[in-house]
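Colleague: Modelling step: build the complete structure from the supplied sequences, incorporating the hints.
2 protein chains.
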Amino acid sequence: MSAQGRAPHGAGAFARLRALVADLEPPAGLAPIRLDLGEQRLGLPPAALRAMEAGAAWARYPVLGGEPGLRAAYEGWLARRFGIADAIAAGRIASEPAPGAKQALAVALLLAVGRRRAGGGAPRPAVVLPNPYYPTYMAATELADGAPAAYDSGATDLPRAVALAAERARAPTAAIVLCNPASPSGALVAPETLRAVAREADRRDALLLVDECYVDFGLDRAVDGAAPLLAEGAARRMLVVHSLSKRSGAPGLRSAFVAGDPESVAAYAAANRNCGVSLAAPVAQVSAALWSDDAHVESFRTAAREAWAVADATLASVPGYARPPSGFFLWLPVDDDVAAARVLWREAALSVLPGRFLSTTDQEGHDPGLGRLRIALVHEPNLLREALERLAGVVGRAPPPARHAPPRPLNHPSSARM
Amino acid sequence: MSAQGRAPHGAGAFARLRALVADLEPPAGLAPIRLDLGEQRLGLPPAALRAMEAGAAWARYPVLGGEPGLRAAYEGWLARRFGIADAIAAGRIASEPAPGAKQALAVALLLAVGRRRAGGGAPRPAVVLPNPYYPTYMAATELADGAPAAYDSGATDLPRAVALAAERARAPTAAIVLCNPASPSGALVAPETLRAVAREADRRDALLLVDECYVDFGLDRAVDGAAPLLAEGAARRMLVVHSLSKRSGAPGLRSAFVAGDPESVAAYAAANRNCGVSLAAPVAQVSAALWSDDAHVESFRTAAREAWAVADATLASVPGYARPPSGFFLWLPVDDDVAAARVLWREAALSVLPGRFLSTTDQEGHDPGLGRLRIALVHEPNLLREALERLAGVVGRAPPPARHAPPRPLNHPSSARM
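Note that the protein sequences, when read in sequence, are chains R and S. Here the first sequence is numbered in our numbering, starting from 1 and rising by one per residue. Here the second sequence is numbered in our numbering, starting from 1001 and rising by one per residue.
If you are wondering where the hints come from, they were derived from the structure by calculation, not from laboratory data. No false leads were mixed into what you were given.
A partial selection of chain S residues facing chain R, derived with a Cβ cut-off under 8 Å:
1) Gly1043
2) Glu1053
3) Ala1059
4) Pro1062
5) Ala1106
6) Gly1114
7) Ala1139
8) Asn1274
Away from chain R, derived, C-beta distances all over 10 Å, residues of chain S:
9) Leu1030
10) Arg1080
11) Ala1155
12) Thr1156
13) Asp1157
14) Ala1196
15) Arg1203
16) Asp1205
17) Pro1228
18) Ala1313
19) Arg1346
20) Ala1392
C-beta: ideal position from N, C-alpha, C; glycine also.
Modeller: Shown next, in the form of C-alpha cells:
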C-alpha cells in the first residue's frame, strides 16, 4: 500500500496520516499544531482522581460487573440525563461496565455476528454501519468476519439509507450501527428517525447498536439520546454505548458502559467478564465520581462553544465552513482531502485527518469522506485561533468545492488541486 | 442449573461457588477465610505507584502499542529472565501490550479460530486445551464458536495427550493451549515436552498459545519458559502470555503482554489496537517499573515458600497432601470436591473452589477436576496457619481418597461422604 493508497479499512487512520506526510517538512520556525486528534485539553477534576493514589487497590482483582457504587452512578446519570428512572427501577434497562467504547462496540458486534451465523447458516452476516465511521466499527466487523454494508450518515432519509444498505448486502443483518450525534459531522439523529431505524433492526432480527460517545456535546441544547427508546422497548435487541473518553475528557481511564435490554446486556457482560477487561477499583471509583458530576461536563461544553466562536470568527470566509449542532469536529469540505492534508502540513504545520481515512466506498460507489477534512477544535482559544488562521490562509485560497459533486478519481497529490 | 449442577463451561467458577454455599451458614463466631481466590496480599512497591497520581496523564489517549519505555521493559525482562537477548535484537520475537491475560488469551483464540474457519471451511475448528483450565480458555473457545478438545494437563505423556485430544476432535485444530506451570497443580512442563507440543502444533498448522502467568513462581528453581523456543523458532505460530497479575500481585493494573513470532503478534496487535484496550500512560509507566524490577518478585516467591512451609507443617497428616514445584495453589485430592467445599464452609468458614468448577469431562469421560479442591495459599503466615488448621480438622477426618479412582456420579451433597 502506498502512503496515499486506500487501506483495506479505516482502522489505523492516524498511522495512515503519519505515512501520508512522512516525506514532507513543515515550514521552518512554524510550531506544528495537531488538529487531527479529538482529545480534550481541559484536564480532569483533581478531586475525582484521588482514588488513583490508593496503592493497595491496584493489588486487588477487579470486581466483575463493577462495584454497586459504579452501577448506581450509571443508573443515576441515565435517569437524570434522559428521564428514564422508572424504566431502570422496573428492570427494563440493564447496564454493564466496559473498558472503553472501542471494546464494547467490538464485542457487541462480535456477539451479534456470531449469533446470526449460528442461527441462520449464513457464513458472513451483514453489519450495517454509518459512513464515515469510527474505524472500530469496520475493524470489528472484519474481526467477526461479518460483511460491512455502509450507509451515508449524512443521508436526508436515514432510515431509508439504512434499509437500502441492509437490503443490498444480500445476507442476514447481524447488527445496525448508528452513531448519535454522527461523527465527525456532529449531525443529530431525531428521536423519530432513531425509532424508524429501531423498527428496521427489529424487522431484520438485528441488534441496534448505538454509539453515544458524543451525546453530551450538544452546543445549543441537550442531544436526545436513545435511552428513552430503550425505556419504551422500541427495539427487541439494543445496546447503547456511553464513554468517559469524550464526556469527561478522560480517555486514559478506558471507562465506558453499555446500557440496553437485559438480554443483550447479559450477553455482553458474560463475554466481558470471562474474556474481556474489568475496571480496577480505583478506575471504578474515579468513574463513578465522574458519572455523578455534571459540572465538569458543562464546563467542557462551554469550552466547545468558545472554540466554535473562534472558528466562526476565523473561518467565516472559508468556502463550505459551517458550524454543526454538536461536537468539536469541523468536517470541512475541500476539493481533495488527501492533497489538502499534505498541503496543510507542508505549508502550515497543521495535521488534519483526510475524510477518506474514516470512510469507505459504499455499494453505489459513493464515498462521503472524499473531499472532507476532519479538524478537531480542542485547543485553548489562543492556540486554536493561530491554528485556524493558518488553516484559513491555506484553504481560503482554494475555490469553493462542490459539496455534493461525485467523487473524482484520486490523483497523485503532487498533481492534484486542493 | 441447580446450585450443585454442572455449568455449561467453567466460566463463572466464583459465581458457582457462591451459589453452592448460599444455603449454608458458617459456624457462629468463626471468621470466614477465603482460600478460593488466588490474590496475593503483599501489596505493590509504593515507589512503582507514583505515576498513578499524575492527573493529566489520565486525560490523554493511550499510546497504541505502548510507549517505547514499556516495550523496552518487556524486552529487558524477556532477555534477562530467559536469556534471549540475541533473538530479540534480531527481530525474531515481537511483543505487544495487553490489558490482562484474560483478554490476550481470548483475542488470540478468536483470531486462531477465525483464521482456521476462513482457511479450511470447517465451521467449528478445534481448540485443544488443558484440563483443568483457566475458565477463560473455555469461554473464549465458545465465544469464537470453536470446538473445545480437552487434554489432561496431569497426563504422564503430555504431547501424546495433546495429540489424542486434537485427533479425537475430528476438526482442523485452530490452537493448542498450554499453561506452564500448569494451574492449579503447579506442575512444570519440561522444555523437551514443550518442544514436542510445538511440533504437534506445527503439524496441525495450529497456533501454540502458552499461558505463563505463573512462570515466576518456581519454588526451588526458576521455571523454564517458552521464550527460548520462540527464539529458536520451534513453532511457526506461537504466542506466550505474560502478566503482572500474579508476578507482581497487581491484578488491578490489567497489565499483560504477549510475546511471539512477529506475524502472530502483529495479528494480535491489530485486533487489540482497533478493537481492544490499550494501556493508559500511568498504567504503562507503573507496568514498566514492575517489569524492570525483580526484587519484589523474589520477595513474593519468598512469601510463597513461607506459605508452603506452613502448609507442610499443618497438613502433613492430611491424606493426599503434596507440595507442588511451583505456585501458591494446593490442588488437594478429596473424595467429593463439591461436598467438601460445602462442608468446609459450613463447619470451618473456609471458602475453597471445587475442582470441577475449573474442569470439564473429556472425550474419554474423564474429569480431572472431580475429587480435587483448589486452595489458595496467599494469606500471611498466621492467618494461613489458622485456615489450614481448620482445613486439617475437617479433611483430616476423611479416609484417604483414591487419587486416580474413576469419577463417581455426583451424589447430593447432604448424602455424600467427603
